[in-house]
Structures are given as structure tokens and as C-alpha cells.
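Respectively, the protein sequence lines represent chains Y and L. If you read the first sequence in my numbering, its first letter stands for residue 1, the second for the next number, and so on. If you read the second sequence in my numbering, its first letter stands for residue 285, the second for the next number, and so on.
Honestly, I wouldn't trust all of these hints.
Claimed, not checked - 30 Å max Cα-Cα, derived DSS-like pairs, lysine-lysine:
# : chain 1 : residue 1 : chain 2 : residue 2
1 : L       : Lys411    : L       : Lys349
2 : L       : Lys296    : Y       : Lys167
3 : L       : Lys435    : L       : Lys456
4 : Y       : Lys190    : L       : Lys429
5 : Y       : Lys174    : L       : Lys296
6 : L       : Lys520    : L       : Lys375
7 : Y       : Lys174    : L       : Lys456
Please keep in mind that the hints were generated in silico from the structure rather than gathered at the bench.
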Amino acid sequence: MSRRIIKDKVAKIVVCLFSGLTVIPLAAIIWELVKKGYHQINWDFFTKVAPNTLDAMLAQRSGQIIPGGIANGITGTLIMVVMAALLAVPCGLFAGVYLSEKPHTGFSKAVSFLTDLLQGVPSIILGIIAYAWVVKPMGSYSAIAGSIALFIMMLPLIVRSTEETMKMLPSNLKESALALGSSYRSVILKVLLPSSFGGLFTGILLAISRVMGETAPLMFTALGSMQVNWDVTAPTNAIPLLIWQFYNDPNLVGMIWASSLFIMILILILNITASRVARKWKIR
Amino acid sequence: MENKIIENTVLKFEHVSVSYVPGKNAVDDINADVKEHAITAIMGPSGCGKSTLLRAINRMHELYKGITVSGHILLKGEDIMEMNPMQVRCKAGMVFQRPNPFPTMSVYDNVLAGYKLNGIKLKKSQKDEIVESCLRDVGLWKEVKESLNKKGTFLSGGQQQRLCIARAIALKPEILLMDEPTSALDPIATNKIEQLALELKKIFSIIIVTHNIAQAARISDMSMFMYLGELIEYEKTKIMFTNPKDKRTEDYLNGQFG
Ligand SMILES: Nc1ncnc2c1ncn2[C@@H]1O[C@H](COP(=O)(O)OP(=O)(O)OP(=O)(O)O)[C@@H](O)[C@H]1O
Ligand SMILES: [Mg+2]
């Protein structure tokens, strides 16, 4: 074998080794969660709420799994993420399109700068802000307050992904649409936005998966609730909040792993879907 | 070539100048009458302002800051600066260098894109008719009639370019502006587009920017030679190619520069 071929081989092995290394943490995490969490997962896990401390203790004493589940967390996460997305998607798309279309105005420079800042704000501060702006005036912890905090967190993510996606469109797409005599508005609505659908959708999914696991913004806003609650003005639970609550109750610690496994899988599914969508809708 | 040029003017340039940077004209004081139902070729070395002049006709320069266009361009006697820019762009259809059908739209919708984007509602029968006649006009009907609902981007490069021409002529423009429409295509596709241009000039007037001198000789009735933003010579193609008046034109046609 010539030296060149040997060098090639060595380089290949090194590259594979290091890319393999990045997989290890993820694989280890999932393995750990599955190992410790799977036995808690059954039908009740999705449809019932967690038992009180005493019942949990008794069940474990007699060698059973902890009865009940995280239905209150699942519904709460669903409600709050959906409400946050309903607010963040239109605002974020609008701002992102504006930033990509008019990047040189003073206003868009300011928006761009603020977006960066917002992205750097620790999530717990967003929780405190939502507490001051929503919980205080409303006089109650609520899903609304939680979703406002998540909304503020999602906003810069969607703005940025929208802006990037729109900037990646071939530049002659816009010109060829305008050259047909169409208005700027309909070019954006009927050509540019549909053409970047894949990227926009991916960005939204990633933003959702990013905030879905957040605990800090919900601690001062949604607070938590032991029952399934569909009233958006009342305290509400969420999966990551529940994990925190289970941690604080020695008899419910067993629920942590199953809950973590569940939300981890949800987030993985979102991410995989996102990358699939991005690939499928790629503009050639 | 037996070209009976109908001596009507479709487009008139009067002292047209365009500048990207103040004080420096990329297109400088152009005066010319473009004939109806003729193919007018614009030639000249790279950077001489061909595209810039072409884009002045459908007012594309307005879309960008800092570009100034002066002088008058009359389309069928009407000053385009006094018309609504969207109307101008409907009357002066443009075909670009790279074929660019709208990636989210089917072949069918691409042909109708001008109507869709302008919010013009048509009956299904009208739509079908426009799609079929435009695709027939560009010689694409036989090739795509089975796949009208497929995305336009699945066609070959040459087919895509003809689809783009169909999209432009669907709006029944007065004039077709083509900026190097064949430079991204292979010889066979190029030949098809050239034949198509010869057919289309019966219905429309065509201005075509080309780097390909042979192409200008093959299909154009009139030729413009531009150099450093100026219109050096504007003549019947036959005359310009056999007997150029300006030394620079002669050099260019002989491949001395460009
Ligand atoms: N957006 C722009 N900003 C500044 N200058 C420009 C811009 N576009 C073109 N120019 C300049 O204007 C001049 C004419 O350019 P134009 O694109 O019209 O040339 P062209 O004849 O079409 O060249 P080519 O054959 O390479 O397409 C060139 O000197 C070019 O550098
Ligand atoms: Mg050009």
C-alpha cells in the first residue's frame, strides 16, 4: 500500500471515530432513560395523574410500580406550547420576512439586534417577566402566563430561522415573480413564503421542540396543578414542571425517568420530523 | 433570411440613461426605435450595459435603491414612467438567463402564474384554454400535456425555459424581453428556443440580449451593438454583419474583443 492510501485510511478512521464520539452521549442518555423509565410506561401513564405521596409509597412498598401518570403534564404542555406557537409563528414569520426583505433599514437593524439579545436572555428571566406582566395583573398563575413566557422564548428562534430561510431562496425567484407584474405583497405571499415552506416549517418545529422541555419559564407562571386542567386562566402543569415536582417528592422519584423518557422521545420525534421536512421540501 | 420587417415602432428609447452610482452611467443616452414583430438583438462585451438597458424597459430598476433611470421609454407611444409599473411588467414580459419556473407550482400553475399573482380570477375553461394555447405556442404541449400537474422544476432545462416563456406570453405582452435566454442551455435546447423566437415574433416583438454572435445573425432582424454603456450601432442585422459602420462593431463581430 502506498503512503497516500494509508494516510487516507487513517484520516477516515479518525473522522469516523470523532463523529462516533458525538453520538455516544445521546445514545447513553437514551439508554439510561429507557432502562430506568420503561417499566412505568403503560396506558395509565398517559391518561391518569400522579398519585399522592402516600399511595405512591404504598404501591412501591408492595413491589408495584407507581400508579397513575402524567396526563396533567401532557395536556398542560400541549395547551401552552400550542398557544405559544399560535402567537410566535405569525409574529416570527412576519418579522423574519421583514428582516430578510429590508435588511438595511434602521428599524430592521434594531429588530435584528433585539432578536439576538432576546435569544440570549436566560429562560428563567422570561419566567419572571411573564410573572410580572401576566400573573400579577391577572391575579393567578395560569397557562396563559406560561405560554407568554414560552412565546417570548420562541420568538427569536422563529424570526432567525425565517430570515435565514428566506435569504436562501434563489434571488431570481423574486425578480421573476415581480417581472410578471405582481405586487410585492402577492410575491411574498404566493411565491416566496410557499417556496420556503420546508425551511419555515422546520424552524417552527425546532422552536417548539426547544421550548417544550423548558422548566424555568413555567415555574413562576404556570406553577403546576395536580389535576388535568383545560382552563387556561388557572394554574396548569407541564411535563418538565412535573419532573421537577417529582424530584421534590421522595416517593415519586420513580416517575422522573419515565417522564423524562417520554419528553425526550417527543423532542426527538419533532427533530427528526423537522429534518425530514427540510429534506423533502428542499428547493432545487 | 427573408424578413419583412413591418416598420411600426413598438418601443422607443429617448435619451435613456441608467446609473447605479451617481455620476457614472452604466447605460448612456440611448436613442432607438424598436420595430414591431421583429427580433432585436442586443450585443456587446460583458458589462457594456445590455441587461441594464433591458431591465429599464420593464422598470426592474425601481426595485432597488440608488438606481436612477432618466429619459423616456415609450411602449406603443405611451411613456412607461407614466404607467403603473405592474402594468408595464405585464406588457413587457421578461425571460431570464436561468430558467426559473416557480418551484412550488405545477406546470399548469406556472403558465397561469401571472394571473394568479395578479389576483385575476379565471374560469376553469379559460384557464385550460390559456394553458393549452401558451404551451402549444412554445412547443411544449405535446411534451407536458400528460404531466400538467407535476412541478415545473421536474422538466429539463430547455423545457423549463420554454415554460418560462409560456408564463411570460400568457399575459399577452406587447414585447418579450429575453436576457441571454439560451446561455444556460445545450445546443439542442438552444436551437428550439431560437426556432420558438422566430415563431413568436409573428405575435409579439422580441428583444434578446445575447453573447452569441452567431445566434444574433441567425434569428435577429435588427441588431444593436453596445459598448461601455453607449449604443454604438443599430442596424438591420444583415447590414450590420456584412457592413458594420463602426470600427468597434467590426472588431466585436470579428471576435477581437468581448
Ligand atoms: N447592481 C449593480 N450595482 C452596481 N453596478 C452594476 C450593477 N449591475 C450592473 N452594474 C454595472 O453596470 C454595468 C453594466 O452591467 P450590465 O449587467 O448591464 O452588463 P451586461 O452588458 O448585461 O453584461 P453581461 O454580458 O456580463 O451580462 C457594468 O459595468 C456593471 O458592473
Ligand atoms: Mg447581462
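Tested hints:
Proposed proximity of L/Lys411 and L/Lys349 is contradicted: the alpha carbons are some 37 Å apart, above 30 Å. Of the pairs offered as hints, the one joining L/Lys296 and Y/Lys167 is violated, with about 37 Å between alpha carbons and a cut-off of 30 Å exceeded. Restraint check: the Cα-Cα separation between L/Lys435 and L/Lys456 comes to about 23 Å, which is no more than 30 Å; the hinted pair holds. Of the supplied pair hints, the one linking Y/Lys190 and L/Lys429 holds, its CA atoms being roughly 24 Å apart against a limit of 30 Å.
Only pairs whose Cα atoms come within 30 Å are accepted, and Y/Lys174 paired with L/Lys296 is accepted, the gap being roughly 27 Å. Of the supplied pair hints, the one linking L/Lys520 and L/Lys375 holds, its CA atoms being roughly 25 Å apart against a limit of 30 Å. Annotation: proposed proximity of Y/Lys174 to L/Lys456 holds, straight-line Cα distance about 21 Å (limit 30 Å).
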